[in-house]
Structures are given as C-alpha cells and as structure tokens.
Amino acid sequence: MNAQTLYDKIWASHVVREDARGEALLYIDRHLVHEVTSPQAFDGLRLAHRKPWRVESIVATADHNTPTRDWDRGILDPVSRLQVETLDRNIREYGAKAYFPFGDGRQGIVHVIGPEAGATLPGMTVVCGDSHTSTHGAFAALAFGIGTSEVEHVLATQCLVTKKTKSMRIEVEGSLGFGVTAKDIILAIIGRIGTAGGSGYTLEYAGTAIRELSMEGRMTICNMSIEAGARAGMVAVDDTTLEYLRDRPFAPQGDLWDRAVSYWRTLSSDAGARFDATVSLPAADIEPQVTWGTSPGMVTSVSGRVPDPSDEADATKRSGIARALEYMALQPGTPIADIALDKVFIGSCTNSRIEDLRAAAEVVRGKRVAGNVKLAMVVPGSGLVKRQAESEGLDRVFREAGFDWREPGCSMCLAMNEDRLEPGERCASTSNRNFEGRQGTGGRTHLVSPPMAAAAAIAGRFVDVRQWR
Amino acid sequence: MEQFTVLDGLVAPIDRANVDTDAIIPKQYLKAIGRTGFGATLFDEWRYHDPGAPGMDHSKRRLRADFVLNQARYAGAQILLARENFGCGSSREHAPWALHEFGFRAVIAPSFADIFFNNCFKNGLLPIVLPADTVDGLFREVEATPGYRLRIDLPEQRITTPQGLDIGFGIDPSQKHSLVHGLDEIGQTLKHAAAIRGFEVAHRERFPWLFA
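Protein chains in written order, with my numbering: chain A, 1 to 469; chain B, 1001 to 1212.
All clues stand as given, with none of them false.
Calculated pairs, DSS-like style, for lysine-lysine (alpha carbon to alpha carbon, straight line, at most 25 Å):
hint	chain 1	residue 1	chain 2	residue 2
1	A	K51	A	K97
2	A	K51	B	K1122
3	B	K1191	A	K51
4	B	K1176	A	K164
5	B	K1191	A	K163
Pairwise CB distance ranges, derived in the manner of DEER restraints:
hint	chain 1	residue 1	chain 2	residue 2	range
6	B	A1193	A	G95	18 to 24 Å
7	B	G1187	A	D338	58 to 64 Å
8	B	G1187	A	S262	38 to 44 Å
9	A	Q331	B	D1153	46 to 52 Å
10	B	D1066	A	R17	49 to 55 Å
11	A	E18	B	G1034	34 to 40 Å
12	B	G1187	A	T278	37 to 43 Å
13	B	R1158	A	V15	29 to 35 Å
Facing chain B, from chain A, some residues (calculated, C-beta under 8 Å):
hint	residue
14	R17
15	T37
16	V79
17	L82
18	T86
19	D130
20	T148
21	S149
22	T316
23	R323
24	L414
25	F435
26	G437
Derived from the structure by calculation, the hints contain no laboratory data.
Virtual Cβ for every residue (Gly too), placed ideally from N, Cα, C.
Could you put together the complete structure from these sequences and hints?
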C-alpha cells in the first residue's frame, strides 16, 4: 500500500461513496452546535419534516451571545436571549449527546468544551457551524467549519458533500525560545504563507517544536489554520494526545480505550507520504508576534516596526497596507514597542485554556495594570477552566493586578455580547481576528499571545515578554 | 434552492483584497434566528456613518457617499467584482444571505475563501474565479464605463462583455449541476440513505468507541 498522510487516512475511513469526479459523501462523527449558526438549520429541518439522523453525534452549547458577568440576571439583550432560548428549544425538541446551556457549570466556548469533555477524539470527523472548528485537528481529527445549510445537511444526513483537498505539511523544527508560544508559531506561519496561503489545503503541523507543545498549544495552532485560509489543520497522535484524553468523560474506558489507542497509534503520516506542498519554519527564528494591521497576515515581531506601504511593489497590497494603517491609526516606521493600549483581552477559542491563563498570570503576578489601560479582562474558555484557575489562585493574581475576572464565553473576540471596543480604542487581544470592527465598530485589534497580552496590560504598551522581569 | 442559468446584470466593483465576512455582515446582525433581513445591513460599517444595530430602521441611516454601493451608478447591481480571498474569516452563511438579499446573484474574484465559496452555492449565488489579470481588466472597464454590464451564461460557462468579448470560466461540474437545476441537496443525499446506513453499521463495528 502507498504511504498515506494522516489526512488521507481519516478521509478514507469516512467516505460513504465517491463519484468519478471525486465528489464524496463524507460521514460525520461529531457535530458541535452553537446558538448563532444553528437556528435556521433546525428551522429548515422542521419545514421539510425531517429528523436529525443521529442526535448522539451532537454536542451543543451557547457561547457567542452569552454575557460574561452578572449571570444571575440572565441575558439582558432580548435579541441575544431569544437566540439562546431558540437553541434550548431546539435541543429539547430534537435531543443531543450533551448540552451545556447558558448557566451550566460546564458551559463554555464550543471549541474548548468539546476537547475538555473528551467529545473530540482522534480519527474523528468533526464539524461545526463555526470556522474555528479547525481547533479539533490538534487531536488528529479531521475538523472543519461549515455554513448553516451544511449544518442542516449534517443534521439530516450525517454526511457532507465534499471533495478531498490538497495537503500541506508545515514543519517547525527545533525548540522555541523563552517567552515564545504556540500563538507566535501560528502567527509567524500566517505571516509567511499569507491569509490565503492554505486555501484549498488541509494542513498538517509537524516537527519537534509541535511535538513539544501541550494539547492546549496544538489547539491554538490548529485553531488559526482558517486564518491561513485552510479549513482544517491537524497534528498526529502521540503520548501527549493520549495523556490528555485519558479519563475524559466521553473518552472510551477500559477495553474500549485499549482498542481505541491501538488504532489511534496509527494516526500519523507514513514515512514517505506525499504532500502537495511543504513549508519549513525553524522554531529558533520565531519571536513573539504582534499584528499591526487588519488581517492576521499583517504581522511582525515585537522587535519590529510598522511597515511603510511605499515599500510594497504590488498595488493591491500597497493600498491594503495604507488602508489598514489608516484604520489602525498607525504611522509607518513606528516601533511596535511604542504602541500604547486602551484595553486588553485574554480569552477566545484560540487562547482561553488553563495553560494560557497560567502563562498570563505568571507575567502579571504582583504587578498592576497600567493607568492608561481602561479595561483588562480575562475570560476563561469554559466553566471547568474557570474553576481550575480559581483552584490554583489565578483569579486572585489577575484581580489583584486590576484585571476583570469573568464568566466563560466568546466575549470580546467577536463582541456579540456587551464586551466590546468603542470606536478608536486599541486592544491587545489573544483572539484570532484583527478585522476592521471585529471587536466592536471602529475598534483596533492587535493579536498577540497570552503572556504578551499580559505584559502589555502591565506596561500599557507592547513589550518584549522575553525581557520581562 | 434558487436556480441560476443566465444573468445579464450591472456590475459593481469592490476594490480591496481579503474582504472578510465580518465586513460583509457584522456580528450584531447574527443574532437573528431567520434567514432574511440581512440585505439592508450588507457591508454595514462601510455603508453607513452611524453604528448599526438590529431592529433599527436602516432606511433612515446616513449613507457614506464614498462607498461604492451607495453610488447611483451602481444601484441595482447584480454582479459584484472583487479581489483576492473574498469572503475570508467567519463561516457565517449570513454573508451570502446578505449579498443575495441586496440583489447580487454572482461574485467574480481571482480567489475566494473556501467556506464562503461553498456557502454561495447553497443560496443561488454564483462565485466565479477568473485569473487576476482578467479581473484587473474588468475593474478598469467597470470603473471607466457607467452602466457596465456582463452577461453570465452558467450552462455555457461563459461571460460576455459589452464589447462582445467572451471569457470562459471553470466550475466544479457537481456544483454547476446543483445551481443550474436548483436542486435540494439534502434530498439528493437522502437518495443514498441506504448507503449511509450500511456505512454506519461497518463504521460502528470498526470504531465502536465513536458510538459508545
């Protein structure tokens, strides 16, 4: 048999049928559902008098619209409340393997709670009406975001109509320097290949720097595959994967665990497997990254400067840089370290897991948020992350430094609830998108790692966390 | 689903790369639970001066005169001419819903983001990929020619310019078939229900922990 990539293996084990043109019906094992992209899908099902094919595949939660404080008052925004209640109603009517509604102790961001519950397993196909579904690829699952029509299609048929993508291997060899994180790896990759560089590919992240990452770090990297234009990114199974999964509520137990593990051990690319493209990035070259523009590819290292559009030869790119600098109110040539901040957000499906909070807390311990920072907030990814952090005393570290310590949810990553930037405010954010208006109309977002965001909150401007004392 | 065969429509250009779905339809409108009502807030932040919110009467908001879709010469446009990586970012299908409700039936660009591209086909919106220099040429012609129209013939996979120039385009045969015939994709898939059930039995046998 020919050498196969990890992607080849998972693809082949899920094809129900494939026509001569390569169009396949792909079986879906896990369907994650949240309140924003599902109401129209359930409605479509209802209108066509259809039923979900396999409700046991569904794990649902409300995360995008939910407030991050005063939970005893419920959801005050009536439009948000209706959407969350619509999910409650739909799950009540149709059922699910698990539902973590607003207010539940295990509620949280869908891409945090799935892995945390052991609902994401190696070798699975995982979909969700959310582009950051790529996160789950960290477990050697084929995981990708879909639109609402496809959500309805998966509900009704347990399958997706799709074609195999090309494959790209991204190797990060060597060890990361002190203060450099998974977030810096993925931002550096996007800076290198561009926001459309992964378009039409499934990415596999490999190399010693990836192997040395925790599952949290691998999730951060796979999460932002979509920001490189790829629907899916994945990492092969190893001991780190298995150790994370052992004894999770929905992970197999006993004999079934052993059987699963012997299969999961096969979930890596074979030696000599062919990739359509390969990109190599030496880990030692990666510095802490900061985005300066309105696209995640507009990124440089903390020791760098805001670029000058006149240095760009391509006309579309040049006008894109000029427009981004105007929106971001930045002058060409400004050192990144001179950029002062109004707000700091630590959270999102990219960086809200326990390891992220530990790394941020380490930086702020015993210090105070700078006077010019109006709001610094920590939004844990789930109720379980929040309680774990509290049991370690991290909430106290943050509060004593002047941070807000909030309830879990998507929060200011996309500002669908009341957590948002006001026009003109500048934010250091551990989230995934720095698009115009993403965190609030007129808001200016700089994407960074959790320790970089924490250091920026204390200093009031960007600082190189490698020199942090 | 709505069919797409032949369209003769006015063209509007949106001359920036990496137009993301947050820009196409901002997050506050994603709180809706229906599929309609998104046309009035398409490109909301670029189109209006004031910040928009759900439930507003958008017809009373002040328009930004410099935004291309607010210019009289592009009123009624059905074809959007765009740059690289159009529709990147969030998977929100509200983006094609908003474009469609505004009046667009086709988007032409050198490249699209994958999820947006797929979502278009579910909503009677035809995304067409053309080489970057061809798109460049179309931008020049649209901007120089008020009332510039294109004729898009999907069955023939051909675009005809006002000068009578023919531009061929490629499209996945299955996606073309669905759009030309306006097929209900779920209904099509359910024709294979027996195959899906058969697959599921074998899958359960092989990976019992996925069904535990």
